[in-house]
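Chains as they are written, first to last, in the numbering used here: chain A, 1 to 167; chain B, 1001 to 1099; chain C, 2001 to 2628.
It should be emphasised that the hints constitute simulated quantities derived from the structure, not laboratory data. This structure is a prediction, so every number in the text was calculated from the model and none was measured. Ideal Cβ placement from N, Cα and C applies to all residues, glycine included.
With a straight-line Cα cutoff of 16 Å, these simulated EDC-like cross-link-like pairs (lysine to aspartate or glutamate) come out:
(1) K29(A) / E1090(B)
(2) K140(A) / E1056(B)
(3) K135(A) / E1056(B)
(4) K1025(B) / D2609(C)
(5) K2601(C) / E1095(B)
(6) K1093(B) / D87(A)
(7) K1093(B) / E90(A)
(8) K2160(C) / E2108(C)
Cβ-to-Cβ under 8 Å is the rule here; a few derived chain C residues that face chain A:
(9) W2612
(10) A2616
(11) I2626
Across the chosen pairs, the derived CB separations fall in these ranges:
(12) A157(A) / I2581(C): 53 to 59 Å
(13) L151(A) / M1001(B): 35 to 41 Å
(14) I2581(C) / A156(A): 56 to 62 Å
(15) I2618(C) / V160(A): 33 to 39 Å
Here is how the chains run, residue by residue.
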Amino acid sequence: MGADVLHIIIAVFLGLLILVSALGVVFLKNPVHSALSLLANLCITAIMYVALLSAPFVAIVQVIVYMGAVVVFVLFVIMLMDIRPADITERFLTPRLFLSLAAVVVFALQMLFVVATVKGGWIPTKYVHAGDLAKLLFTKYALLFELVSVLIFAAAAGAVALAKKRM
Amino acid sequence: MVMGLIFAIGVITFCIGALGVLIRKNAVVMFLCIELMLNGANMLFMAVSKFKGLIEGQVAVLFIMAVAAAEAAIGMAIITAFYRRRGGIEVDKAELLKW
Amino acid sequence: MRDLILAVVFIPLIGAAINGIFCWKTRRKAHYIAVPAIAIPAVISLYLLVKVAQGYHFDDVLYWWIAIGDFRVPIGFLLDELSVVMLVTVTFISTWIHIYSIGYMDHEPDISYARYFTYLNLFVFFMLVLVMANNYLLMFVGWEGVGLCSYLLIGYWYEKMSAANAGMKAFITNRVGDFGFTIALFLIYKHLGSLIFHDVFARAHELSVPLATLITLLLFTGATGKSAQIPLYVWLPDAMEGPTPVSSLIHAATMVTAGVYMIARSHVLYNLAPFTMEVVAVVGVITAWFAASMALVNNDLKRVLAFSTISQLGYMFVGVGVGAYAAGIFHLFTHAFFKGLMFLCAGSVMHALHGELNMQKMGGLLKKMKITGITFIVGALAISGVPPFAGFWSKDSILHHAFVEGHKFVWLVGTITAGMTAFYIFRLIFLTFFGEPRDKELYEHAHENPPVMTIPMIVLAIGSAFAGLFALAPGGGFEGFVNRIMHAGHEAAVHAAHGEGGAGGLIVISVAVALIGIGIAYLMYIKRTPDPVEMAQRFRPIYLVLYNRYWVDELYFAFFINPTVGISRHVLWKIVDVGIIDGIVNGVARLCSLIGAGVRKLQTGFIPDYAWFILAGIIVVCGIKILF
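So here's chain A without its partners, still in its complex pose:
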């Protein structure tokens, strides 16, 4: 019982941090700040994976791939574009915001309604290690795995083609 309460407290605490950082991504004007906020969001998510969802391997991959590669990559691009704070002219308080907010809230309520009806129990901590995942990944999902590698390769080639000076 005590463990449950502890879990709930952790969940609420991490959830709040996640939501705050997510809002930061959306509402911070400077893209660099947004990217840093996303970094925080991903970091907290990784913590939640370890703390609540007993998935240390995915958490590590999240840190390495998402935070270490993707977001840093995005930051590089932002730096490359050399955007000065003075250039940023975006305004949030527009009719578009309220319309979009309404749509998103409706959607959120729908989705919450859906997840509220999910049945299932709380399975006590049982860590999923890299080996367990590897077994699945290299047997049942081997083909998919290879296809994803092809996809990444193609994406790399595409990125090179797109970013070349002469288009």
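Given chain A's structure and the hints, the job is docking chains B and C onto it.
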């Protein structure tokens, strides 16, 4: 209870990401919001994986991450090319499709 | 055997397909494919003839073409005495006319040349389907197919307005007849439950006499269209717009005889309907006389032959109308030779004179064109009914049967017409080949044609001279051969009458009439006493009536075509089409463009808007899913 909380966090993260896509004009931020949406979806996958005792959910998350990495490469390339052409990354500069 | 029969029918189709699809490749060499595609079936059909003569019959279903509930129609072929005769006639004449065409179509552009042979092969294919079909519907397919090819070939020089119009006229006139034909098929199916000849004839006796009369009259309507009888003959003279070998093959030797064949094939039904027989015989003889009278004064080489064709077809209908089916088919057979021949000769003259058709400008051509002239004279003797040439045997047989069967009126008109035939055909010969050249320049340029054209003429001339002698073949001759499948009740009576003494007298009369016709032509056009011009002046009203072909075309224009065109133009086009149909079509288009003008505002080109629509769509779908 914990399960419901995590589901809610995932859903709301996803929706905040969607909101960002809808209201931001900066292409890079839109891209970040898409990552946010993916992260929200990932959380749901992880949660279901945990509560249903299925490792498949984590496999799916790994694939999503891989695809997101590929997407980042392409997306950033497009944004760079776009920036070079139009001198900015605001999506309202892309209006060739306008009626 | 089955394979041979298939080969006969389908080799021409393969030829047509090759030339049709690869015309840009075959071009000048099209005849290397087209001629063998007919010659091989011709050889095979001779073999089949021998087989049939030995008693072989074929009637089989190749596969079921249509099978809907009880309605079953096969692709099936029937080979018996009647169809094998047609088969041999069609393939044999076609082969020679194909060869002749090589020379005649020499001046055509490459692609047109291949197109011509494609149509010609396709025509032979459909004609063979018509002849070999073992059911009415497949016969109808061939019937329509030859009509199509006829249309295509009449309008072969489609840049020429008159040719295009003539093609349309032929097609539309045939539609009128086909209307009757199809209704007859519906009635046959409704009352006999099958369209296969075998079943239809086996159960034909179940038909009541009025019903049989109706069906046979409707079938005859189809025949009048295809075989150019009154009142639907008007298309045939105009069909001369096509290349001359086509006139020869389609509009003289083969296609136009399809009606006669069809009636002979349906003889079981016709025997049930004496009234229809009477109608057929009378229409036939009136057509014969009517067309011959128009041929008397016409100056167009090919049109005279066209009227002559109509007239001879009239004889064939007399033959089948008086119950002498075999005699009708026999005349069909001999006519194919001599009329095919005469058209080829006319084509040869035309070719030599650069397309000139007016006989008044010719004359004395025999000196320049010996082969053409002599073969033409052989054909003329054959059609005039001078023994021992082919026409004598068959025409005389028809008139003899008419007389013996008691159709004295038919016999009388037929005999008079025979005299007219002899007159106009020798008028043609004398004007064209004898006397002084009336147009020096044309005469100087005239020349005999190359062997590729003359040899077919010679072959057909031999046929015209001697094909009639089949009448004397053992076993009842030609008619006896065909009669093996004609179980006509009163046919026996005819044969009985044959032995009676009257026959000799009839022969003498018809030969005398023919000679008188030739004699008058000689006096008028060689001796010029009485002078034809003077005659025309003296009998001016009659001359004008004949020269203007009784104003039948004008009559049809006034009564059918102009009202139709008028209604089409002023009601159907201006009101129905422009007002209603176009109104609906344009209205729909305008509505779409209005909606589009409104909806396209959604295409803002602003990416978040598109995302918004996606989200809205998802919300709606999820909402529906959650609610229901």
